[in-house]
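Could you build the full structure based on these sequences and the hints that come with them?
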Amino acid sequence: MWDILKNRWRQGTRTIPLSSRDQIPEQFRLKEEELKLSKILDAKMQKFFGRSLKLRAVTAGSCGGCDLELQALNNIIFDLSRFGIQFVASPRHADGLVVTGAVTKNMKLALQKTYEAVPDPKIVIAVGACAIHGGPFEGSPEVLNGADSTVPVDLYIPGCPPHPLTILDGLLRWLGRLENK
Amino acid sequence: MSQEFLTIQNAISFEESNVPVLETEVWRQIILEHCLAGKMRIVALFTERKNGDGLRCYCVLGNDGKKTLHVGACDFIGPNPKYPSLTQHLFEAHLFERELFEEFGLLPEGHPWLKPVRKQGDYPFYRVEGEQIHEVAVGPVHAGIIEPGHFRFQCHGEKVLHLEIQLGYQHRGLEALMVKAAPSSQMVLAESIAGDSVIGHGLAYAHAIEGLSERSITPQRSQSLRAIALELERLSSHAGDLGALAGDIGFLPGSAWFGRLRGEFLNLLMDLTGNRYGRSFLMPGGVLSDGTPKKVLDFKKRLAMALTDWKDLAELFFTASSVLSRLEQTGVLKQDAAREIGAVGMTARASNLLRDVRQSYPTGIYRICKIEPVKMTTGDVYARARIRSLEGKRSLQFIQERLETLSHDKISQPCGALKKESMIVSLIEGWRGEIAHVVLTDRERKIRRYKIIDPSFHNWIALSVAMQNGQISDFPLCNKSFNLSYAGHDL
Numbered sequence: 001m002w003d004i005l006k007n008r009w010r011q012g013t014r015t016i017p018l019s020s021r022d023q024i025p026e027q028f029r030l031k032e033e034e035l036k037l038s039k040i041l042d043a044k045m046q047k048f049f050g051r052s053l054k055l056r057a058v059t060a061g062s063c064g065g066c067d068l069e070l071q072a073l074n075n076i077i078f079d080l081s082r083f084g085i086q087f088v089a090s091p092r093h094a095d096g097l098v099v100t101g102a103v104t105k106n107m108k109l110a111l112q113k114t115y116e117a118v119p120d121p122k123i124v125i126a127v128g129a130c131a132i133h134g135g136p137f138e139g140s141p142e143v144l145n146g147a148d149s150t151v152p153v154d155l156y157i158p159g160c161p162p163h164p165l166t167i168l169d170g171l172l173r174w175l176g177r178l179e180n181k
Numbered sequence: 001m002s003q004e005f006l007t008i009q010n011a012i013s014f015e016e017s018n019v020p021v022l023e024t025e026v027w028r029q030i031i032l033e034h035c036l037a038g039k040m041r042i043v044a045l046f047t048e049r050k051n052g053d054g055l056r057c058y059c060v061l062g063n064d065g066k067k068t069l070h071v072g073a074c075d076f077i078g079p080n081p082k083y084p085s086l087t088q089h090l091f092e093a094h095l096f097e098r099e100l101f102e103e104f105g106l107l108p109e110g111h112p113w114l115k116p117v118r119k120q121g122d123y124p125f126y127r128v129e130g131e132q133i134h135e136v137a138v139g140p141v142h143a144g145i146i147e148p149g150h151f152r153f154q155c156h157g158e159k160v161l162h163l164e165i166q167l168g169y170q171h172r173g174l175e176a177l178m179v180k181a182a183p184s185s186q187m188v189l190a191e192s193i194a195g196d197s198v199i200g201h202g203l204a205y206a207h208a209i210e211g212l213s214e215r216s217i218t219p220q221r222s223q224s225l226r227a228i229a230l231e232l233e234r235l236s237s238h239a240g241d242l243g244a245l246a247g248d249i250g251f252l253p254g255s256a257w258f259g260r261l262r263g264e265f266l267n268l269l270m271d272l273t274g275n276r277y278g279r280s281f282l283m284p285g286g287v288l289s290d291g292t293p294k295k296v297l298d299f300k301k302r303l304a305m306a307l308t309d310w311k312d313l314a315e316l317f318f319t320a321s322s323v324l325s326r327l328e329q330t331g332v333l334k335q336d337a338a339r340e341i342g343a344v345g346m347t348a349r350a351s352n353l354l355r356d357v358r359q360s361y362p363t364g365i366y367r368i369c370k371i372e373p374v375k376m377t378t379g380d381v382y383a384r385a386r387i388r389s390l391e392g393k394r395s396l397q398f399i400q401e402r403l404e405t406l407s408h409d410k411i412s413q414p415c416g417a418l419k420k421e422s423m424i425v426s427l428i429e430g431w432r433g434e435i436a437h438v439v440l441t442d443r444e445r446k447i448r449r450y451k452i453i454d455p456s457f458h459n460w461i462a463l464s465v466a467m468q469n470g471q472i473s474d475f476p477l478c479n480k481s482f483n484l485s486y487a488g489h490d491l
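The listed protein sequences derive, respectively, from chains A and B. Numbering of the first sequence is given in our numbering, commencing with residue 1 and proceeding in unit increments. Numbering of the second sequence is given in our numbering, commencing with residue 1 and proceeding in unit increments.
Calculated directly from the structure, the hints in this document are not laboratory data. The reader is advised that the hints may include incorrect statements.
Cut-off 30 Å, straight-line C-alpha distance, at most; resulting in silico cross-link-like pairs (DSS-like, lysine-lysine) [what the hints assert, rightly or not]: (1) B:Lys300 <-> A:Lys6; (2) A:Lys113 <-> B:Lys295; (3) A:Lys6 <-> B:Lys301; (4) A:Lys105 <-> A:Lys47.
Restraint-style ranges between C-beta atoms, simulated for each label pair [what the hints assert, rightly or not]: (5) B:Phe125 <-> A:Glu138: 30 to 38 Å; (6) A:Asp42 <-> B:Arg448: 49 to 57 Å; (7) B:Lys311 <-> A:Gly12: 53 to 61 Å; (8) B:Lys393 <-> A:Asp120: 46 to 54 Å; (9) B:Glu102 <-> A:Glu138: 53 to 61 Å; (10) B:Asn51 <-> A:Ile16: 17 to 25 Å; (11) B:Ser325 <-> A:Pro152: 42 to 50 Å; (12) A:Arg21 <-> B:Gln413: 39 to 47 Å.
Fair warning: this is a prediction, and the values are worked out from it, not measured in the lab. Heads up, the beta-carbon is just placed ideally off N, CA and C, and yes, glycines get one too.
Set out below in structure tokens:
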């Protein structure tokens, strides 16, 4: 017990403060052109999802890199739960889906069923180059070239894989939690 | 030593015409004779379509003791190719033969369970009948943020009688894409085989192309940088796994701090390469970015701090009695079972089977600078956790040594054109285990067949074996202790 306390004292707090966009380093922010393409959630949806968002992550044919970055969001450095955003175990408990991967033919049915299981109102976020349009696998006969082949997507976050701060930049600004500059 | 198979070296190409094409029965006997005696093991077993409807089946055997590789082939012609399967005598061939059958229709007669590898369909899972038996199906979409795969348990109460694993959900058609892609895109594809083994697969690809090129000299500075990136990848995955194991057993300080350490190694990799996982760093002939002297100094400081942290955290984790009681004797994979299934890498070393490509078939800087592999004897979750901790410390020390001795030369040298009608076997010790890329070129100096074998291809069955007669509540812990790649298996 004493060792744990001693270690805690030594390690200190590592969580990156994130209350304004300036705190995200320039290299991780989504650029101006990408900004214009995304609509900020309208007032009604913001009322539903702005302060508490439960997400179900579905990997549909990815290399695994984007999933690792999504997992990293839950660690003590990025601490996603302080924004009220959480990953849940069942689509029935979720407000929306986070889709990674280029959607292989083998995963199409699973993704569809998971989407249908999420109760309305729901949102879909596509994370990573593969989920946007197939990434390096675009054109392969085994792949359906992105999440919007199967489900309607509300937010796209580019990257291969996107740095956790980029995912946060996109997600939080879309929810109206970080001012949009 | 096999007189009939061709003896080759890791990452050194040879002419395809030198590969002996044998009678099916002779080929089969050579494989069985050497593997059953325990002297060699199957590194690769795959097929290629030749001359219309003909098939050529290659087998690459590895002799870890004598540090040699051997390759031999046999041909099949006609509409219904078949041969007596190797699996009925030699279990480690099982998944390779299922793959041959699925992709090319080459029937291994007598194979005990010819189920699909990557195709999905109405597959009848193995069932245990009985009034008190219940079946649990998990996946493809799992509870956490994890890759998709299907697990079917046959349970009696809490005890798991049988676990069957069905994968294929991440099948993106990588081998076909590698053959069609332009050379500039091939590196991107190789890096995307498995997102946490970017450097592993990328290096296997780079070595394969360099070996197949007419002229290629990789500068030593780039070889050191490549090894540093590979070891950083190993460290980040090991730290992440230890954190995940800690989280699974409820030891939250370990979970929080190992997670932070993982971030530290990923940030080091980002400062070296520009990407947290090392993408766009490797190229055939060298690397794309360098370490300035200021960066190298900064790295040394951060690595020294990371080593202190690692040692402290490992001590904290492995001396807690609650941790030990949960990890010890759980998910045991005995040495004979590991040898029988052909396990490679960390899984094999945790079960007292010394298999490490950096020692047996070293390439790059590993030829000059040895890194001692770690071996554990018990084969349980504790062994797999402990081996990560010990390997992590060794890797940290290895990186520190490489930073001290970085040579002063270029970081890349472009390769020449590929050789005609040549073949190469390129092995790398990724953090999970042995990564194998086997490449064949055609008369136009283009790649005509690209075979990728991730260590998970050998190791997935280990999870089924370790879970037998275990508790179903131990499944997440066992799964995390192996941490096998779904994407690497499915390609």
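Taking the hints in turn, this is what the structure says about them:
1. B:Lys300 <-> A:Lys6: Within the cut-off at roughly 25 Å; holds.
2. A:Lys113 <-> B:Lys295: violated (49 Å)
3. A:Lys6 <-> B:Lys301: Between Lys6 (chain A) and Lys301 (chain B) the Cα gap is close to 22 Å, so the pair holds against 30 Å.
4. A:Lys105 <-> A:Lys47: violated (36 Å)
5. B:Phe125 <-> A:Glu138: 30 to 38 Å: holds (34 Å)
6. A:Asp42 <-> B:Arg448: 49 to 57 Å: holds (54 Å)
7. B:Lys311 <-> A:Gly12: 53 to 61 Å: Violated, since Lys311 (chain B) and Gly12 (chain A) (Cβ atoms, about 18 Å apart) do not stay within the stated range.
8. B:Lys393 <-> A:Asp120: 46 to 54 Å: holds (52 Å)
9. B:Glu102 <-> A:Glu138: 53 to 61 Å: violated (25 Å)
10. B:Asn51 <-> A:Ile16: 17 to 25 Å: Because 60 Å falls outside the window, the suggested range is violated.
11. B:Ser325 <-> A:Pro152: 42 to 50 Å: holds (49 Å)
12. A:Arg21 <-> B:Gln413: 39 to 47 Å: With Cβ atoms ~43 Å apart, the hint holds.
Going down the numbered hints, you'll see the structure goes against 2, 4, 7, 9, 10, while the others check out.
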